[in-house]
Every structure is written in C-alpha cells, then in structure tokens.
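Novice: One letter stands for each residue in the lines below.
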Amino acid sequence: MDDLPLQKIQISGPTLASLLQRFSSSPGDVDGLLFGRVTHIATSTFSDDDPTTTAAASSSSFDSPTLIATITSFMGSTSTSTFYDSAGRLNLLSLRRLFSDNQTLSLLGWFSGRRKTPLRPSMRESAVTSSLSSKIQFAFQVENSPKSYTFSPCVFLLLTTPFHDQLIHTHEYRAYQFRLSTESFEPQTLDVINIGPAFRGHYGAFCPNSQFPLLPCQLRVSSSMAEDENCESESLKSMERVSEDQRVLDMCAEDFDVGRLNRLIGSDAANYAGELEDMYKKMLAKLEGLAKFVEKSSARVLEQENRNMKLRYRVAGLE
Amino acid sequence: MAINTVPPLIAAQLNYLLSNSPLPINVEQMWSGSKHHGLLDRFTLVIPFCLDYIRWDVIYNALYPLAAPDIIFGPEDESFRPYHVGGGDGDLKSPRKSLSDWNCKDPTWLLSLILELRELYMTYQRKRVGEVDDERLKFELSTIVPREGIEMYMRSGIEKTEEVKFAVPLLGVDINKMVTGCPWRHQQKIFLEVIFPVGRKYRHAPSTPRLKLVASPELKALFSTEDFRLPPWLDDMCMAEYLPILEGLLQSQIVDAVSSIDVRRKFIVALAPLFGRPVEADPVFCRKVAFLTSSGVFTFLVHFSLPLQFPKQQPVLMLQSSQHFNPSGAPIKSPVITEFPWSSTWESSEMAERFFDFLVEECLNFKKYCNESLLQQR
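Those protein sequences? They're chains E and Z, same order as listed.
The first sequence lines up with residues 1 to 319 when you count with the working numbering.
The second sequence lines up with residues 1 to 378 when you count with the working numbering.
Note that these hints are calculated values from the structure, not bench results.
Careful: at least some of the hints might be erroneous.
To be verified - List time: in silico DSS-like cross-link candidates among lysine-lysine, alpha-carbon distance up to 27 Å: (1) Lys177/Z - Lys333/Z; (2) Lys177/Z - Lys312/Z; (3) Lys138/Z - Lys127/Z; (4) Lys220/Z - Lys105/Z; (5) Lys138/Z - Lys296/E; (6) Lys310/E - Lys105/Z; (7) Lys127/Z - Lys35/Z; (8) Lys116/E - Lys312/Z; (9) Lys35/Z - Lys310/E; (10) Lys116/E - Lys220/Z; (11) Lys127/Z - Lys220/Z; (12) Lys116/E - Lys135/E; (13) Lys177/Z - Lys138/Z; (14) Lys367/Z - Lys288/Z; (15) Lys296/E - Lys310/E.
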C-alpha cells in the first residue's frame, strides 16, 4: 500500500447536496461510507528550459504522482457506529455487507456528521480512520496511472453545524486525507463539480453508475406463424429472447417497446430524434416511478425508526 | 419530554464525576446535539493540567443513550491518539477496553475514562517535550525525570516562540496533616511553574526560565505564595540544582506559617478575658474573630482580622453596630480601622489590654458616627 498524497478531492454537486440533506434531516448524528475513484493526472511541464531541468521535473513527477480523489456516491445511515464500535474498532463483517453491492466503485473513505461540535476529528473518528486506512483488503488501484499504485481508503469528510444557530451559515464541512506515514489528518480542498459549461473539463473523472444495457437493435420478430416445426421452435426461442430484452429495457424505461429500438439506427432511423426523445421521456417516467416507490418505503422506514427511538428512550428512562 | 434536561444516564455519570473527582474538574457549558429535542447531551469539561486547563468536549448522543461517548480534544492536540493503530486489545487499563465494554448504567465509567485519558495525555506531552531539539531541555529532562508527579506541556507562546512548561510539585510533606483540624477537602499542593523558551535565538545564551510559585487556592488561608520571594536562578543553573534550594526555603516558611497559627490563637485567647467569649472565630487558621461588647447602652460588634504575618503585621479592626441600620436594613459598619497604638513586641496580654483601652475611646466616636448616619438618612 503506497502512502501517496492527494492533490485535491473532488465531489459532485448532487452528492454533496444529498450528504448535507441527509445530515440536516437526521435527528441525530450520521456517518457512512464514501465511494469513488482515485485518478492520476498527468502533469505536463511546458518549458523552454534546458533538458537537465526538464528531466529533473519529470523525474520528480514520477516520484510523487498527482492524484485526485473523486467522490461519486455515498452510503449513509441515520445512526452512528454502523461499522465500528465505541472504541473505534472496525466491524469488518458489517463493513463488507455495506459495500458489497458497490462493486464498480472503490471505498474511498468515510464521513461523519455531528451537530454543534468543533470542526476537527474526534478521538473515535481518528481511531476509525486510521484503522480503515491500514486495512490492506480495502486498498484499490489508482486509475489512469503509468505506474501501478495502490491507494487505501483514507479520505475523511467531517460535517458539523455552527455552535450558535444561524440563519445563513448552517453547515460546515472539511475533507481530510489521513496519511499513514505521519499518522495525521491533512485537510484537503474539496472541489465541487457540477454539470454545466464551466465544468466541462472537470467532469472527465465521472462515469455512469448505471449504464444503459446492451440490447440488439435489429430484431427479427416473426410477423407470421411459420408452418415448419423448425421455424416454430426457432420463433419460440426468439420470442424468449425478445421478452428477456424487453425485461432488461423495462428496468430503464417505462413502456418502451423493444421493437422500436431498430428505429434508432440503421435504415429505419429516419425519425430517430423523435424516437430518442420518446425513449428519454419513458426513461424519466421510470425514474419518477422509482422515486415515488422510494418515497413510500422511506416513509415506512421512518415510522419504524420512530418506534425504535421511543423504545430506546424508554430504556434510557427519558420518557 | 422536557426541554433542556439532561438525560438521566448521562446526568448520573456527570454528577459522579463532579463530586468524586480527585482533581477539580468543571463543566464549562452544556448543549444539545440533536435536531429537535432540547436534551443536553454534549458538554465541555475543563480539566486541570500542568497548572493550566485543558478543554475536552464530551459528545454523547441523546438518541442512543446506551452508547459510549466520544471525545474531541483541544485544537492543538490533533496528534494525540490514545489508541495505537493495529495494536492488540491492550491491557485492562487501556481506554480502548473501557470504551468497548462501556456500561452506561455504571456512573463511575465517565470519571475513570477521563482520568485514564488524562494520564495518556500526560505521557503524550512528555513525549512531545522529549522530541524538542534543544540541548538544555534534554539535559533538564534527564536530570529531573525521577521526580514524581511532574507534568509538562509544550505550547506556542507569544510571537510564535515555542515554550515548554513544567509543573513541579514541591514538598513531599502532606500540608493537610500539618494543620490541626484542617477543613480542606482536596490535598493542598504547591507547584513551581518553570517555563523554558525553546527557539534558535536562545541557543547560545541560556536564559533564565520564567518561574512562578503556584499553590492550590485554599492554601492562602495558611500561606501566601505571592509574599514568598523566590530564590534567584543563577546562570548555568539547572532545575535539579534549584529545586532543593527552593524547597529548603519553602519548608521553613511553611513550618513558620503553621506555628504562626498558634501565635494568632494565643492572641485571640488573650482577648477573651477582656472582651468576653467570641461570637465568631476561625478555630483552624485563627484569621478572624468577632466579639459582642457594649459601652453603656450602646451594643456593638468588634471584628478583628489577623493577617498571615501577624504579629509583624498589625491586625485590622472593624466595628459594627447592632442598633443602627442603614436604609436597606443592614447594620451600620465603621470604616476599617488601622490607626491604633500597636507594637509587635508586646506580649499578647498587653496587646489585648491596649486594644481594650483604645476601643473604650473609639466606640464613642463610632456611636457618634452611627447617629450622624441615621440623621442623614432622614
């Protein structure tokens, strides 16, 4: 595991916004895991100096590569100590369970949000971060780099609120990189990347989490039932394939027939713009449906949490 | 749920800490960390360390009252890690063990956690001081370490110079035991505060460190550290040489202070045959005594206040009428009287007689003063 310094940490606008929303809507403290990737940025040294200095510059860039960590998503809970205990020791089982779904992204680090506390790591947070960054099994490869570097999850994002309630300044946050070599928290600048013309160059490190599935666009849907028995079994197989593809498409779009895909490319694609718009409309409808579904289940989760909270209060003698 | 109450489990632990702590720990402020409820689950502890205070924030979660607290240390102590990375479970005394076995129902756990962390903090500061690259400091450390109870602290002083502060406990004697009937709850101690500046410009000129004698606050009833003149720190002296000189002087002065209690007591006893039994007296340190006397029909109280340097320093008198009251209902008192016949060489019985004679005259003046005050009120 190489202990390399990060140049900066990037986070996408929606991710930071939903982190802050999760923190501010939670009744207590929150914590969770941060996912993303670390990429190597090739620094180009344009100089008219003599070759000796340029050689020195390029060799130094090999010694300490420019790394940028990008936070693309997070997984949080509305309670603390989800993957560690009171003494700051990691619970590896629950940690694995938490991010076993996220196979495409690597575990960059974790975050903690606590109200009305100073903006610096606490005793337990230091213990958890140092344990997390020393576990070899969570180390991952740096992308886009000429040499092979491994990086361990050492990013820590701390969210707090100011001590006195203020109307305008409601949250504070700071991102740290924990360096194993010095065992210290180094604050890093947190760049917020948004969609838009000003950020076009910065969005290069992002790639979609849920990709559009690979589907065949030329379908031979038999319009007439063939008399041959061979054709029958063949058409049965093709019908199975079609329904399978439709099922996969239904995961992304609502009510878009698979057969219309062949109008997007090829000879039948005269009006592909209209078809594409229609498909996007159906995809948005699907997203809306999913959002409603999530809302309903969130309401039920909230009910259950309230019940749990009442039980906890009863145990603590607070009622 | 009431607003601004402390959850019972947290309150139990905090109260136990405040009443049973061997060190005077205080709570500076309490606030709530949850969004809606006004349950106070976070507070700042002010802990004495090295003749100064360190502030630690203790963070509980009212929503999870059974969980152990988290602690945020001061802003200069970011490298203080009570835990070791990848260490084993540690011995029984490590805070890791006490946190993972946290028993919320046991009120003693918070106090033991704080005390453990304070010990670790002391070790951490000692290590920091040991890492300072200063030859003189290293020499001092090597010669002074065998002493018990030294605390040291590294801080950045004014103008970005770093300083190392030592708090050296002086006098192995138990001062509490030296005073008969001593009312002190805590053990009284005297410390020498030594501050060494650490910086390049001092390397060639070993300068005198800043010295100050600090005592626990209740000790001033017996002995005043401000009046004590520290012996001079000669050039090229080190702490190991200076401390025995200082302690010798201090020891003799403390013994003198304890014996001066008896001198004061003798004086008070000598006053009794003339003034009657005292109404109020301080029996342990004999610093104050009050008598009720009368001159004719005028009844009044006489307050004597005896300084630590008695009889070298004269006492101070104050008279208080029991028959004249000011508009707010308080009895009229005379201004503090310091002009009276006095000599420190008199015997205590003679002192008492002189005071009696003086007061026979003075109380008439005081009566006039009280009557005039009453007239002015009308």
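Novice: Hinted pair, alpha-carbon criterion (27 Å max): Lys116/E, Lys312/Z. Please report holds or violated.
Specialist: violated (57 Å)
Novice: Given the hinted pair Lys220/Z and Lys105/Z, is their alpha-carbon gap at most 27 Å?
Specialist: Status violated; Cα separation ~40 Å.
Novice: Compare the distance between the alpha carbons of Lys177/Z and Lys333/Z with 27 Å, and conclude whether the hinted pair is satisfied.
Specialist: Answer violated: Lys177/Z to Lys333/Z is near 37 Å, above 27 Å.
Novice: Just to be careful, I want the Cα atoms of Lys310/E and Lys105/Z compared with a cutoff of 27 Å; is the pair within it?
Specialist: Between Lys310/E and Lys105/Z the Cα gap is close to 19 Å, so the pair holds against 27 Å.
Novice: Given the hint that Lys116/E pairs with Lys220/Z, test it: the Cα-Cα distance must not exceed 27 Å.
Specialist: Given pair Lys116/E, Lys220/Z is violated - Cα atoms ~40 Å apart, limit 27 Å.
Novice: Next pair to validate is Lys177/Z with Lys312/Z; report whether the Cα-Cα distance is within 27 Å.
Specialist: holds (26 Å)
Novice: CA of Lys296/E to CA of Lys310/E, is that 27 Å or under?
Specialist: Given pair Lys296/E, Lys310/E holds - Cα atoms ~22 Å apart, limit 27 Å.
Novice: Are the Cα atoms of Lys35/Z and Lys310/E separated by 27 Å or less?
Specialist: Since the Cα atoms of Lys35/Z and Lys310/E sit roughly 16 Å apart, the hinted pair holds (cutoff 27 Å).
Novice: Lys367/Z and Lys288/Z were given as a pair; does the straight-line alpha-carbon distance stay at or below 27 Å?
Specialist: holds (23 Å)
Novice: Would the pair Lys138/Z and Lys296/E pass a check requiring their Cα atoms to be no farther apart than 27 Å?
Specialist: Violated, at about 67 Å.
Novice: Keeping to a limit of 27 Å between CA atoms, is the pair of Lys177/Z and Lys138/Z held or broken?
Specialist: The given pair, whose Cα atoms are some 36 Å apart, is violated under the 27 Å limit.
Novice: Are the Cα atoms of Lys138/Z and Lys127/Z separated by 27 Å or less?
Specialist: holds (12 Å)
Checked against the numbered hints listed earlier, the structure breaks hints 1, 4, 5, 7, 8, 10, 11, 12 and 13; every other hint is satisfied.
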